[in-house]
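Peer 1: Start from the sequences and build out the full structure, keeping to the hints where you can.
Protein sequence lines correspond, in order, to chains Z and U. The opening residue of the first sequence carries number 362 in my numbering; numbering runs sequentially from there. The opening residue of the second sequence carries number 373 in my numbering; numbering runs sequentially from there.
Incorrect hints may have been included.
[What the hints assert, rightly or not] Which residues of chain U face chain Z? A few of them, derived with a C-beta cut under 8 Å, are: (1) Leu381; (2) Glu386; (3) Phe397; (4) Lys399; (5) Glu402; (6) Lys409; (7) Val600; (8) Lys623; (9) Pro624; (10) Leu643; (11) Lys648; (12) Asn659; (13) Ile662.
[Unchecked claim] With a straight-line Cα cutoff of 27 Å, these simulated DSS-like cross-link-like pairs (lysine-lysine) come out: (14) Z:Lys486 to U:Lys623; (15) U:Lys588 to Z:Lys443; (16) U:Lys672 to U:Lys648; (17) U:Lys384 to Z:Lys428; (18) Z:Lys377 to U:Lys638; (19) Z:Lys443 to U:Lys648; (20) U:Lys399 to Z:Lys490; (21) Z:Lys425 to U:Lys623; (22) Z:Lys377 to U:Lys408; (23) Z:Lys439 to U:Lys408; (24) U:Lys648 to Z:Lys439; (25) U:Lys409 to Z:Lys377; (26) U:Lys588 to U:Lys623.
Just so you know, the hints here were simulated from the structure itself, not pulled from any lab data. These numbers were taken from a predicted model, which means no experiment stands behind them. Each residue gets a CB set at the ideal place from its N, CA and C atoms; glycine is no exception.
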Amino acid sequence: MKDEVLNSADEQYLVKCCQNNSPSAQKVLYNMHVESMMILCLRYIVNQEDAREVLMDGFLNFFKHIKTFTYQGEGSVKAWLKKIVVNQCLMHLRKRQPFFIQAKEFEQYDTVGTDDDVLGHLSVKEIIKLVHSLPDGYRAVFNLYVFEGKNHREIGELLAISENTSKSQLHRARTMLREKLLQEAKINY
Amino acid sequence: MASGLNESLNDKLEQASLKELMPGFDKDLEWNTLSKKLHPPKVGIQNKVSSIAAAVLAILFCGGGLTWLIRQPHFAAKDVIAIHTDTVKDPMHEWIKSAVISEPEDSIQIAKPVEEKVQPLKIKTVPAPKPQAINNDNIVTTTQPVVASAVQPKRHIDKKRMDELFEYYRTKEFICNSTPCPLQICILQTIRCKNEAPSEIATCSTIEPDQAGQLKYKVNNSTHDCNVSVDEIRITRVNTGETIVLNANSKPSTAQDLFDYITCEKEGDLLTGIFKTDCNKNTTSQNITIDKGYGNFIIK
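Peer 2: Next up, the structure:
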């Protein structure tokens with residue numbers, strides 16, 4: 362049989378089967394998304410063993426709650442799964458204290474620099490390595506802002522922090538990354 | 373950050389190979405662990421209960437047998453030399469086998485020739501233990517076990533009666549196999565008649581790729597107090613042997629669901645299951661869907 366890419370009707374069908382607790386359908390969905398979700402976990406969690414466990418819990422939650430999911434077209438399954446896995450990663454990070462370095466409330470971090478552009482020129486391995494070098498709190502905010510496309514209000518709600526704290530964490534993360542990149546550039550030079 | 377860069381970064385990460393980042397990650401191993409957590413095996417208490425029940429039954433059986441032996445008149449006077457047990461083969465097993473296989477193949481009505489095989493898959497045999505006691509006078513006494521004598525085994529329906537009551541029937545619609553692999557579809561039916569032991573019959577049809585045929589099954593053609601039910605349907609990919617088994621509890625569809633579709637009781641499409649490998653045993657899973665299109669049923 363030809364290897365066909367699943368179309369949205371197939372995906373919807375798979376979801377329906379998963380809602381009926383079909384192991385075969387669950388495996389198909391798992392295989393479709395496991396790699397991208399593992400890479401997502403690796404962005405948030407440095408320890409690979411922890412990342413594996415978090416991913417496992419993420420998929421468990423996904424399949425346990427799939428009955429409540431309403432299919433809303435192509436990509437909706439992945440978006441929902443991604444949300445679950447990101448939440449699972451944040452839950453894991455919350456267990457590790459201290460999570461955030463407290464921001465000075467009077468500091469303003471509204472100016473968003475474009476230094477992240479440099480990430481576009483790095484390989485995935487280099488990006489992950491660089492993101493791993495950040496402390497947990499910085500990394501979480503950086504991931505949510507840069508990769509998940511969340512704004513500071515949403516990040517604040519997700520992490521139960523103020524918008525200003527989110528801005529300061531991002532600012533510090535960027536400063537740290539800039540320094541690391543400069544350091545590496547000097548070494549390479 | 374500009375949304376364009378955000379997207380390009382995400383694309384980059386989406387297309388990244390996990391093998392480079394985490395070479396030790398075994399997808400299948402992880403799935404096995406996850407699968408066990410999702411579907412924990414339902415044993416434990418059931419197993420314990422059944423083993424206790426088996427032990428109690430064994431004790432009762434031995435105790436009953438011993439009591440019976442002690443009560444025999446010859447037992448007190450003479451010693452028992454040996455006890456021999458034997459199991460009587462159920463003649464219905466052989467009969468049903470021959471009855472099913474003797475179905476004429478030239479009566480197949482199909483668009484293109486479809487090889488049909490009819491095999492009885494599960495025939496329940498009732499063992500009839502026949503313990504014998506031999507005494508010192510070399511007189512062999514056939515004995516009946518205590519438990520067996522309490523329940524009279526029911527007789528199976530005989531061939532002549534079966535022919536009167538039931539006949540093979542074909543699905544009204546042609547079933548087209550639009551997958552690239554030959555498929556064998558077996559319909560397992562149980563025939564139940566009043567005061568008789570149930571009998572099971574499997575009717576199998578093989579459909580080659582891009583060919584169509586009518587599936588066979590048994591129907592009751594009289595108003596006699598017998599009925600026939602569909603207990604299981606097996607869809608087997610002939611090259612690999614991989615089988616989708618549909619029964620009363622299978623998901624996403626049951627054997628009765630599929631039977632209702634192919635006998636036109638219900639309309640529409642039906643996902644019967646997913647084969648984990650393709651014809652060449654490559655791990656490319658494929659849905660098997662019965663689709664009511666173009667006037668015929670299509671397996672795709």
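Peer 1: Of all the hints given earlier, name the ones this structure violates by number, lowest first.
Peer 2: Hint check: 7, 13, 14, 15, 17 fail, others pass.
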